[in-house]
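Take -17 as the starting number for the sequence shown in this note's numbering and just add one per residue.
Calculated directly from the structure, the hints in this document are not laboratory data. Values in this document were obtained by computation on a predicted structure and should not be read as measured data. It is possible that part of the hints are untrue.
Pairs of lysine to aspartate or glutamate residues, derived as EDC-like cross-links and limited to a Cα-Cα distance of at most 20 Å, are as follows [to be verified]:
1) 66 <-> 45
2) 75 <-> 36
3) 73 <-> 21
Estimated spans, in silico, between C-beta atoms of each pair [stated by the list, open to error]:
4) 117 <-> 5: 22 to 30 Å
5) 143 <-> 92: 35 to 43 Å
6) 118 <-> 7: 26 to 34 Å
7) 36 <-> 146: 17 to 25 Å
8) 22 <-> 111: 14 to 22 Å
9) 130 <-> 102: 32 to 40 Å
10) 41 <-> 125: 17 to 25 Å
11) 144 <-> 48: 26 to 34 Å
12) 57 <-> 21: 36 to 44 Å
13) 12 <-> 128: 41 to 49 Å
14) 93 <-> 125: 32 to 40 Å
For glycine and all other residues, C-beta sits at the position ideal for the given N, C-alpha and C.
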Amino acid sequence: MNQFLNWANKNGITIPENTAVNDITKLTISNPHITELPESLSELSKLSELEILDCNRLTLIGDIIEQLPSLFSFTVWNCPSLIKLSDKISKLKKLQFLHIRTCHSIEFLPESISNLDKLLSLTICDCSKLQEIPDNLGKSRLRELFLSGCPNVKSLPTSLMQSDYLRLVLAHNK
């Protein structure tokens, strides 16, 4: 049985008692007070979708992310203080969709994103300080890159232009 958990708690993230942790497949975290993701995420072995929304003080998505082997879709939205995604994101061997939106403080994406063998779609929107796209991203299996509202990205890696299957959408990147 698939379970969805949407948990917003101003005092921290705890999973409610009597929740079958092993059955949770989708989790939405929305908490303006957290600064990092909790270690308890590692207990969610079947988690396939993770959304992190409106976490205003979140500064780091750390190495805990590698302990989510079933993650298929990962969305980070409206986390204005986020400055870094862990390089361990490359351990997410099933990840196909990565969406990063309205994360104004992030300047760089980890190069290890290029090592995501199954990544099909990467969306980066309204990340005003983002400076570049990882160099080897075009050598991955990426099929769609949507880039919008990232005015400091001045050029794209040449590897992206060499991909025969990539759909590239650039919008409002003045």
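For this session: Would you pick out the hints that fail for this structure and give their numbers low to high?
Result: 2, 4, 5, 7, 8, 9, 10, 12, 13, 14
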